[in-house]
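Those letters in the sequence shown? Residues 0 to 303, per numbering that gives the first Met the number 0, in order.
Just to be clear, a hint being listed does not mean it is correct.
[What the hints assert, rightly or not] Label-pair ranges, simulated between beta-carbon atoms:
hint	residue 1	residue 2	range
1	Asp227	Val29	56 to 66 Å
2	Gly191	Thr22	34 to 44 Å
3	Ala135	Ala25	23 to 33 Å
4	Ser221	Glu139	24 to 34 Å
5	Ala119	Glu181	47 to 57 Å
6	Asp240	Leu18	51 to 61 Å
7	Ile110	Thr17	31 to 41 Å
8	His254	Gly176	33 to 43 Å
9	Ala103	Glu28	19 to 29 Å
10	Leu184	Leu117	17 to 27 Å
11	Arg26	Ser235	44 to 54 Å
12	Ala119	Gln189	11 to 21 Å
13	Arg24	Val81	45 to 55 Å
14	Glu193	Leu222	17 to 27 Å
Think of the hints as simulated: they come from the structure by calculation, not from any bench. Where a beta carbon is used, it is the ideal one built from N, C-alpha and C, also for glycine.
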Amino acid sequence: MNRRRPSRSASSDELLTTLHDLTSRARREVELHQARVELAEALQREMLPSALPSLPGLRTAARYTPARSGLDIGGDWYDGFVLPDGALAFSVGDAQGHDVEAAAFMGQIRIAMRAFALTAEDPGEVVSRTNDLLLAADAERLATCTFARLDPATGQLRSARAGHVAAVWATADGRAGTTDDEGGLPLGVQPGEEYPVTTRSLSGEGAFVLLTDGLVEGPSYSLDAGLDEVVRLVRSRVTEDADALADAIMAAAEHTGHQDDAAVLVLRHGGLGDGGERGGCRPPVRVTPPSTSVPVSDERRDPH
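Based on the provided sequences and hints, a complete structural model is requested.
Take a look at the structure:
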């Protein structure tokens, strides 16, 4: 019996064409996603300072880790810069959201604070003006932050807090704790909000740590438990340099089981304000790289 090999039907050709189109489309989507990832990461890098100020008697270090890889970036930030009068300004905060818009919103807040700090010496006024600006611009997101101003000649650190997690401090004589300043509402909640200012001396040897809640809160830890853990860590390692202390704090955050982004800014002080104003002279300020980049590791992700 003579059997004829069946010819390929038109439907088979259509199927191959469809598969080719789907493959091409998937490849283009992967390339587009990768481009968006690279853009998001570049934006996030540009939103953080390339260097932090330090001086005799003060060393600084900062670390930042995003919540996850890819486009799910966050709005946590840190900042440090020198003011025209020689004072140093520092801020740490958390803008609502985990996307490119959150990173852009965070950048707007940082720029606003830098601008207002040039004309307002009071940290509470800097935060209040930033809050009013965001509300006037109809910002749809909220943010928490701490803004601090350090006088190198006296060692006095004045800070204001907008709904943000407390800072951690420790001294070389064994004392440690969290700041108990009153603070105010998060940025973007209510116009005309006032932010009380707390003054602290950094003249002795110790460490002052500004951080975001991603370091201390997660499924495995309450906020209070996480802060207690950081207090114990900073107390036990207060004599180490700023970089080592920042690394240790970031490593300890692994135990919280959180998936939020996290930022920490360490002020390692010793000898600030010795001799007072000395005729109005201030110690020279150096600007050094903060060693900021901490890659996202699988350990930061929920294993389940």
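To see whether the hints hold, each was checked on the structure:
1. Asp227 to Val29: 56 to 66 Å: About 45 Å separates the Cβ atoms of Asp227 and Val29, which means 56 to 66 Å is violated.
2. Gly191 to Thr22: 34 to 44 Å: violated, 58 Å
3. Ala135 to Ala25: 23 to 33 Å: violated, 45 Å
4. Ser221 to Glu139: 24 to 34 Å: With Cβ atoms ~29 Å apart, the hint holds.
5. Ala119 to Glu181: 47 to 57 Å: Once the Cβ atoms are compared, 19 Å apart, the range 47 to 57 Å for Glu181 and Ala119 is violated.
6. Asp240 to Leu18: 51 to 61 Å: holds, 59 Å
7. Ile110 to Thr17: 31 to 41 Å: Check failed, 49 Å falls outside 31 to 41 Å.
8. His254 to Gly176: 33 to 43 Å: violated, 21 Å
9. Ala103 to Glu28: 19 to 29 Å: Distance hint for Ala103, Glu28 holds at roughly 24 Å.
10. Leu184 to Leu117: 17 to 27 Å: holds, 24 Å
11. Arg26 to Ser235: 44 to 54 Å: holds, 52 Å
12. Ala119 to Gln189: 11 to 21 Å: Since Ala119 and Gln189 have Cβ atoms about 19 Å apart, the given range 11 to 21 Å holds.
13. Arg24 to Val81: 45 to 55 Å: holds, 51 Å
14. Glu193 to Leu222: 17 to 27 Å: holds, 24 Å
Hints 1, 2, 3, 5, 7, 8 from the earlier list are contradicted by this structure; the remaining hints agree with it.
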